[in-house]
Amino acid sequence: MFKGSKKILAISALASLTIFTISCKCSRETDEMLQVSGEQGAADSALVSSLESVNQIFYSLPSPLETAMILKRSGATYNEELLNPIENASKYSTTKSMALNLGIYSTDLSYASLFDQTQATIKYMTASKKMAEGLGILNAIDNSVIEKLEENINNRDVILETISETFLNTNSILEEDDRVAVGSIILVGGWVEGLYIATSLVDDINKADNEMVDRIVDQKLSLQTVLKLLEQNIGNADVKELYIDMVELQNAYNKVKITVSDVEIVSDAKSKVATLKSKNTITISPETFKKLKTKVLELRNKYTA
Amino acid sequence: MRSSVYLLISAITLLLVLPSSANAQCKNFAKTICRLELSPYIHDGNYNAAILTEGEEAELFKTFYAGQEYRISVCGSEMLTKIEFLVMDVDRKVLYTNAKDNYATSWDFKVENTQQLIILVKVPVVSSKNEELKSGCVAIMFGLKTD
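Protein sequences appear in the order of chains A and B.
The first sequence begins at 1 in our numbering and counts up by one.
The second sequence begins at 1 in our numbering and counts up by one.
Incorrect hints may have been included.
To be verified - Calculated Cβ distances over 10 Å to all of chain B for the following chain A residues:
| # | residue |
| --- | --- |
| 1 | GLU80 |
| 2 | ARG156 |
| 3 | VAL213 |
| 4 | GLY235 |
Claimed, not checked - If the Cβ cut is set under 10 Å, some of the chain A residues that face chain B in the computed set are:
| # | residue |
| --- | --- |
| 5 | GLN56 |
| 6 | GLU66 |
| 7 | MET69 |
| 8 | ALA120 |
| 9 | ILE122 |
| 10 | GLU151 |
| 11 | ASN155 |
| 12 | ASP157 |
| 13 | LEU160 |
| 14 | GLN219 |
| 15 | GLU264 |
| 16 | ILE284 |
What the hints assert, rightly or not - Within a straight-line C-alpha distance of at most 27 Å, the following computed DSS-like cross-link-like pairs (lysine-lysine) qualify:
| # | chain 1 | residue 1 | chain 2 | residue 2 |
| --- | --- | --- | --- | --- |
| 17 | A | LYS96 | A | LYS293 |
| 18 | A | LYS228 | B | LYS129 |
| 19 | B | LYS93 | A | LYS72 |
| 20 | A | LYS302 | A | LYS291 |
| 21 | A | LYS228 | B | LYS110 |
| 22 | B | LYS31 | A | LYS277 |
| 23 | B | LYS110 | A | LYS257 |
| 24 | B | LYS145 | A | LYS279 |
| 25 | A | LYS279 | B | LYS31 |
| 26 | A | LYS272 | B | LYS134 |
| 27 | A | LYS295 | A | LYS255 |
| 28 | B | LYS110 | A | LYS279 |
| 29 | A | LYS270 | B | LYS31 |
| 30 | A | LYS270 | B | LYS110 |
| 31 | A | LYS228 | A | LYS270 |
| 32 | B | LYS145 | A | LYS270 |
| 33 | A | LYS130 | B | LYS93 |
| 34 | A | LYS302 | A | LYS91 |
| 35 | A | LYS148 | B | LYS31 |
Please keep in mind that the hints were generated in silico from the structure rather than gathered at the bench.
The model shown is predicted, which means the values in this text are computed figures rather than measured ones.
C-beta: ideal position from N, C-alpha, C; glycine also.
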């Protein structure tokens, strides 16, 4: 009888905990769906109904490495004066400031590495390490990473692989530790830094290289992803503050117009690389660009202060 | 009575530890298996992975930039024999499905103009009615082509 009671107790405990766990997961997913539904409105009801069958939603921002590659492909030049000085690293003591500046330093080191500025890359990796340690992500960037960079000064492929691996370590450790809010702040910090570098390199959009201006305009699309990503963790006070900043940035982007035509796929049997063809038209006035640039500078100064 | 308490504590511990252990396995799987499939492209460093069960779906929203060549790699742990992925535009028009490509685990592409795309990942049910549905790690990773 006593043995039977123990079994019943154990089974009941397991059953209750299982039900509790499942309930928590479902309600969180419903919240995410409601956020999508609430923001896009009734017009997007078809999208919402299709999301209802989806068990997991990811909003993926360009990583610091991708941001730096986009900058370089757009004709950016290297200007170390634009980067956040590593001396500032000692100023950051809150979770929010360390997370933002881990993202900022990560973009800075990616930008430096793509322009073969190895010493700057090592310097910024060291600053990133300091931020990661402050955030308790101790294994993401260890001394072996710095040593690997030092040993491969002339091997850009190894340097890029090493940087990519440290980002993956940081992201996956935060995910594993259930600290996705911190992960989202890091990504947004890195994204803002890319936008800051890009806008700083353009003084006059009439004279500037069109490709760089195009990529700055394109960030209006990524900004939607930024907002969705932050909405997933809006219960976190730091994320909420950042979300308000991003809404202000969205206001600065409001007068930027992008229209996208239907997308067609063209396959290339030889290279096996498909091309997605479409026609985008963008509209941005010099005045709108100036306001956007000012807003980006204001946010970046706030995050690095 | 004391052994009941121990049993209860063990049950709670097990339930708390299991998801974290599954996440750790997922992280290792993404790092050691999926990441390699991106070569010679360089992994962008982002981590998008989750434990999915047969019949479940995941979606990823991302902007892809003009001029950059990408490799998308979707891989699932051994338990999941087949993973379907679709690439759609924002109107959910299907641009690519690996179901028509022998369930290839990766796809290389570039965009002429910057595009927001949706990656839909489905884990089809392959277990028979009498079998328990299988679960495993599914990772969606992006590779970037360098010059």
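Which hint numbers does the structure go against, in order from smallest to largest? The structure breaks hints 2, 8, 9, 10, 11, 16, 18, 19, 22, 25, 26, 29, 31 and 33; every other hint is satisfied.
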